[in-house]
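Participant: The lines below spell out each chain.
There are 2 protein chains.
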Amino acid sequence: MAEPDFEKAELLPVIAQDADNGDVLMLAYMNQEAWQETLKTGRVCYFSRSRNKLWRKGEESGNFQEVKEIYFDCDADTILVKINQVGGAACHVGYRSCFYRQIDPATGEVTVKGERIFDPDDVYKK
Amino acid sequence: MAEPDFEKAELLPVIAQDADNGDVLMLAYMNQEAWQETLKTGRVCYFSRSRNKLWRKGEESGNFQEVKEIYFDCDADTILVKINQVGGAACHVGYRSCFYRQIDPATGEVTVKGERIFDPDDVYKK
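In the order they appear, the protein sequences are chains V and P. Residue 86 in the numbering used here sits at position 86 of the first sequence, and the numbers go up by one each step. Residue 51 in the numbering used here sits at position 51 of the second sequence, and the numbers go up by one each step.
If you're looking for bench data, these hints aren't it; they were derived computationally from the structure. Owing to the predicted nature of the structure, the values given are computational and were not obtained by experimental measurement. Among the hints, a few may not be true.
No distinction is drawn between identical chains; accordingly, a pair holds when it is met within one copy or between any pair of copies.
[What the hints assert, rightly or not] Taking lysine-lysine pairs in the DSS-like style, the calculated list, with each CA pair at most 27 Å apart, reads:
#, residue 1, residue 2
1, Lys8, Lys113
2, Lys40, Lys113
3, Lys40, Lys82
4, Lys82, Lys68
5, Lys113, Lys68
6, Lys113, Lys53
7, Lys68, Lys8
8, Lys82, Lys113
9, Lys68, Lys53
10, Lys40, Lys8
11, Lys82, Lys53
12, Lys40, Lys68
13, Lys53, Lys8
14, Lys53, Lys40
Given only the sequences and the hints, what does the whole structure look like? Please build it.
Facilitator: Structure, rendered in structure tokens:
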């Protein structure tokens with residue numbers, strides 16, 4: 001199998017990882033069309049499950065994701081993109097990574113680990 | 001929201017990342033029960049979609065995943081575990097990472113990037 005298999009599922013999960021420092025920035029989904037567009041343009045395009053349409057990451061915020069490398073997994077049902085995150089923040093609430101909350105397994109206590117890069121109110125005009 | 005939200009979906013995707021070098025090793029799923037067991041035991045427990053039951057990673061191969069840190073994302077519907085991969089290989093076909101295949105966006109050519117740590121025939125008795 002020489003590429004992700006969209007026959008297994010219409011939407012495949014995509015992990016976006018910072019190409020420079022290896023931080024996992026976010027997880028979202030692609031359909032076949034988003035996948036093709038990503039390959040063609042070199043900018044990551046997802047499929048938004050909530051809006052039910054193609055989601056050209058950064059089209060509103062300007063925080064595009066430039067593709068550096070693309071991998072897929074043994075089962076051909078998950079994609080890993082190594083990217084350059086323009087603007088420094090992948091998360092819609094303004095953190096570099098969506099995974100900015102750490103949970104202590106023993107206590108359940110949550111600690112915010114990430115730094116806030118932008119204020120979403122300034123970026124997304126409601 | 002102070003923990004992953006299993007009301008959003010019965011199964012949430014989980015990214016396993018090498019705690020030492022940041023490599024993304026695999027993506028699998030947890031249900032509430034797998035999540036609770038992971039917190040309690042300090043070893044990653046997934047829910048296998050193909051076998052439809054809890055999947056104590058390493059129970060067959062001995063390649064356990066020891067939890068170092070746990071994060072969850074802004075939408076509380078994806079989990080990131082930073083782990084120590086016992087045995088060195090997370091992938092059932094014997095690679096360190098399941099993401100051992102890189103695809104060239106321009107040509108579609110696939111290159112194997114990972115090193116094979118074990119031969120699955122030696123590890124999984126059929």
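Participant: For each hint, tell me whether it holds in the structure or not.
Facilitator: Hint-by-hint comparison with the structure:
no.: 1; hint: Lys8 with Lys113; result: between (35 Å within a copy, 24 Å between copies)
no.: 2; hint: Lys40 with Lys113; result: between (35 Å within a copy, 22 Å between copies)
no.: 3; hint: Lys40 with Lys82; result: within (16 Å within a copy, 32 Å between copies)
no.: 4; hint: Lys82 with Lys68; result: both (5 Å within a copy, 23 Å between copies)
no.: 5; hint: Lys113 with Lys68; result: both (26 Å within a copy, 15 Å between copies)
no.: 6; hint: Lys113 with Lys53; result: neither (31 Å within a copy, 33 Å between copies)
no.: 7; hint: Lys68 with Lys8; result: within (26 Å within a copy, 32 Å between copies)
no.: 8; hint: Lys82 with Lys113; result: both (22 Å within a copy, 14 Å between copies)
no.: 9; hint: Lys68 with Lys53; result: within (24 Å within a copy, 37 Å between copies)
no.: 10; hint: Lys40 with Lys8; result: within (22 Å within a copy, 33 Å between copies)
no.: 11; hint: Lys82 with Lys53; result: within (23 Å within a copy, 32 Å between copies)
no.: 12; hint: Lys40 with Lys68; result: within (13 Å within a copy, 38 Å between copies)
no.: 13; hint: Lys53 with Lys8; result: both (20 Å within a copy, 20 Å between copies)
no.: 14; hint: Lys53 with Lys40; result: within (18 Å within a copy, 39 Å between copies)
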